[in-house]
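2 protein chains.
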Amino acid sequence: MKKTDSRSLKSFIGEKVILEGWVHRIRDMGAFAFLLLRDPWDVIQVVVPQAETVRDIPLESAVRIQGEVISEPRAPQGFEVHSLSISLLSPAIEIPPFELNKKDLEVSLSLILDHRPLSLRHPKQRAIFRIEGEFVNSFRNFLRQEGFTEIFSPKIVATGTEGGASLFPIDYLGKKAYLAQSPQFYKQMMVGVFGRVFEVGHVYRAEPHATSRHINEYLSLDYEMGFIENEQDVMKVETRLLAYALSRIKENCAREIELLKAKIPDPPEEIPQLTLAQAKEVLRKEFGKDLNEEDDLDPEGEKFLSEFALKEFKSEFLFLTSYPVSLRPMYAMPDRENPSLTRSFDLLFRGMEVTTGGQRIHEYQMLVSNIRKFGLDPDVFGFYLEPFKFGMPPHGGLAIGAERITARLLGLENIRQACLFPRDVNRLTP
Amino acid sequence: MKKTDSRSLKSFIGEKVILEGWVHRIRDMGAFAFLLLRDPWDVIQVVVPQAETVRDIPLESAVRIQGEVISEPRAPQGFEVHSLSISLLSPAIEIPPFELNKKDLEVSLSLILDHRPLSLRHPKQRAIFRIEGEFVNSFRNFLRQEGFTEIFSPKIVATGTEGGASLFPIDYLGKKAYLAQSPQFYKQMMVGVFGRVFEVGHVYRAEPHATSRHINEYLSLDYEMGFIENEQDVMKVETRLLAYALSRIKENCAREIELLKAKIPDPPEEIPQLTLAQAKEVLRKEFGKDLNEEDDLDPEGEKFLSEFALKEFKSEFLFLTSYPVSLRPMYAMPDRENPSLTRSFDLLFRGMEVTTGGQRIHEYQMLVSNIRKFGLDPDVFGFYLEPFKFGMPPHGGLAIGAERITARLLGLENIRQACLFPRDVNRLTP
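Each protein sequence line maps, in turn, to chains A and B.
The first sequence runs 67 to 496 under our numbering.
The second sequence runs 67 to 496 under our numbering.
I should point out that these hints are in silico values taken from the structure, not numbers from a laboratory.
Treat the hints loosely; a few may be bogus.
All copies of an identical chain are treated as equivalent in the list; a pair is satisfied when it fits inside any one copy or across any two copies.
Pairs of lysine-lysine, DSS-like flavour, derived with a Cα cap of 30 Å [said to hold, decoys possible]:
| id | residue 1 | residue 2 |
| --- | --- | --- |
| 1 | Lys-455 | Lys-69 |
| 2 | Lys-68 | Lys-302 |
| 3 | Lys-327 | Lys-369 |
| 4 | Lys-316 | Lys-329 |
| 5 | Lys-76 | Lys-327 |
| 6 | Lys-69 | Lys-82 |
| 7 | Lys-351 | Lys-82 |
| 8 | Lys-455 | Lys-190 |
| 9 | Lys-69 | Lys-242 |
| 10 | Lys-377 | Lys-76 |
| 11 | Lys-369 | Lys-455 |
| 12 | Lys-169 | Lys-455 |
| 13 | Lys-69 | Lys-302 |
| 14 | Lys-76 | Lys-302 |
| 15 | Lys-168 | Lys-242 |
| 16 | Lys-302 | Lys-82 |
| 17 | Lys-168 | Lys-455 |
| 18 | Lys-168 | Lys-380 |
Note that the structure is a prediction, hence the values are computed from the model and not measured.
Let the hints inform the model, and build the full structure from the sequences given.
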């Protein structure tokens with residue numbers, strides 16, 4: 067008898083199989099019973115000929131079922147399993163704090179997060195992370211195909227990327243160190259080695275946020291590419307990357323998309339662009355919202371611009387470009403034509419910024435003098451500056467927040483819903 | 067004209083192409099010159115008809131070359147590129163602290179690590195990380211094929227996995243927190259959700275090591291699988307995983323293997339096993355080395371046992387099993403037949419432990435009483451214990467140290483050679 071799971075059960079119709087999972091629900095029909103088995107991928111309807119053999123098994127117990135797969139047009143998936151024997155592998159000894167077999171987990175987010183290892187057993191909660199995983203895996207696979215090399219940069223660092231704010235201090239064997247805010251310096255330096263690099267890793271921001279769009283430890287999807295003309299090359303790669311990832315999600319996560327009733331956008335062929343100045347003009351004219359030249363967009367502005375892009379360009383994605391120097395870090399490449407602007411961009415998706423990127427300064431002297439202009443001390447950045455003396459090619463890159471883009475993709479209100487174990491100002495466990 | 071690189075240059079013989087990279091070496095032949103271009107993958111021989119056009123380009127400058135690919139039996143790879151034009155994209159402005167175009171980088175490891183972004187430009191240094199990347203990618207791809215789900219667990223935690231030693235403290239917004247030593251608790255809890263999970267991520271050990279086999283931040287390749295019979299199921303998956311990864315490395319990293327003169331072992335079909343007691347007997351009889359029943363192996367013991375396995379079993383891999391309870395953490399499953407032993411294992415490879423794994427306790431009561439037996443307080447582990455009340459299936463897993471196995475694979479003496487930016491008691495930068 068072959069061990070299988072809900073993903074391939076259909077191909078076993080007429081055969082005997084072994085299934086493993088958790089008791090999701092028992093429907094006692096008197097003479098017989100339906101046992102809904104939640105295996106690692108889906109819920110399977112199992113017919114148990116003698117109800118009394120399963121009546122007393124507590125919900126969420128782990129079981130192994132030997133059964134025969136039978137075609138049954140009235141069953142939810144067109145087949146059901148007729149149980150031959152059930153072994154109780156590990157009984158549940160308490161009643162879960164919420165009902166995991168309801169269509170939705172109808173409890174507060176805070177309760178969901180307090181009991182994360184249990185709430186994730188709900189099929190809809192679990193499905194979020196299968197889709198997020200597919201996005202992350204597509205990110206890596208696409209970039210590998212494009213000649214990018216994966217790197218793993220240190221998360222314990224001596225210096226912050228942007229000069230010192232928002233860093234978590236660590237006691238590092240008696241020395242002062244910090245958690246990395248971003249792999250920025252490392253991925254840039256590695257362009258000088260591998261030409262094109264990417265990294266998937268946690269980054270840390272010590273900001274006492276309690277908003278629905280921030281967490282203090284998040285998964286950053288970074289890439290950086292050398293030998294570019296300008297930031298447009300970086301944006302072209304992202305456009306193709308998104309098209310690839312969205313196609314893979316549609317192909318490989320059909321069941322999860324159905325469960326979550328998610329609207330996965332069509333893979334973009336091209337993404338419309340506005341300069342930040344044009345975007346502010348749109349906000350003024352179309353939404354009566356006034357922002358100064360030096361202001362960054364606020365959440366409302368991002369929402370309005372996404373609405374505008376959908377109406378005007380029929381696009382759920384919108385690139386914003388040409389951010390002023392004052393809104394970008396010291397390594398952002400100034401625009402040669404207009405040095406008060408940088409060759410940088412953000413990507414808005416469904417009302418929120420999901421990517422920040424741009425071309426970086428690759429000339430040593432320009433970088434040193436820019437660090438000084440920002441009121442920082444070049445000596446602090448010694449190890450970062452060194453490779454810039456040795457032919458750093460023109461380069462640029464970006465970072466995508468994995469939880470944030472997943473939340474937008476699935477229409478989740480709070481970024482915490484797309485993080486297995488979120489860390490914020492109030493939450494350090496589970 | 068098409069942009070290409072050294073990986074596919076051979077298919078362009080007779081055509082004009084664009085190449086990008088760094089000036090690795092210039093050989094001035096008087097009338098003409100050879101320019102060795104180091105692109106992101108290899109070194110390409112470029113013939114420059116007028117030596118004076120390149121004579122003054124500093125080594126390590128980033129250049130773009132338009133040229134024609136010509137078959138040339140005397141050239142190292144059977145072809146060379148005849149330059150049509152060279153653009154200097156970014157000139158080097160200093161002389162590197164070591165010669166990057168020598169066959170080997172003949173300087174101390176400490177200098178190599180001090181100037182990591184430069185030393186990595188050496189083809190042999192760079193090759194190490196291409197092979198490590200292939201191993202990591204194979205780990206993920208194999209496990210995905212086997213129905214494992216990728217997870218990303220938090221690295222900021224409130225409690226250590228083993229009770230509190232070796233933890234880096236963080237100031238977490240005014241609260242005390244730590245860097246995760248291992249994703250152990252999280253991967254176990256996620257078995258209750260996804261059945262089988264894996265994670266690739268950094269872990270942290272606050273031990274003031276200065277040995278060649280330890281670093282304080284390392285890349286841990288973890289998996290954990292539910293519905294097992296015992297630890298042998300975990301070991302079978304690892305055997306197949308190693309066979310897969312070694313085949314992929316041989317297939318995809320032929321150039322790097324050649325450069326490093328690495329001896330990649332044949333993929334194992336089966337890996338021999340000794341219990342720890344048997345292994346100690348071997349050490350006593352064959353090597354005159356006495357260890358007590360409660361002693362763990364020391365580096366010398368691991369070396370001797372690897373020698374023995376190679377001689378006796380013709381295997382570079384050796385599983386050691388049945389470690390005593392006193393040498394394993396509180397979550398290790400005791401052996402039913404002999405409760406002073408656990409259902410755990412280590413994997414030795416070329417004289418060093420590269421994997422630790424085993425079956426875990428899945429019964430709530432047994433886990434709570436084991437925590438007490440270890441002198442720990444179950445209340446501290448509340449969030450970890452909760453899912454064990456709800457049908458945790460029999461499960462087990464393991465962790466492979468990415469840097470350590472890569473170092474063994476490539477015959478590197480120091481684990482730091484297989485880490486892009488190592489962190490140790492003396493090193494926080496670059």
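Taking the earlier hints as the rules, which of them does this structure contradict? Violated hints: 7, 9, 10, 11, 15, 18; rest satisfied.
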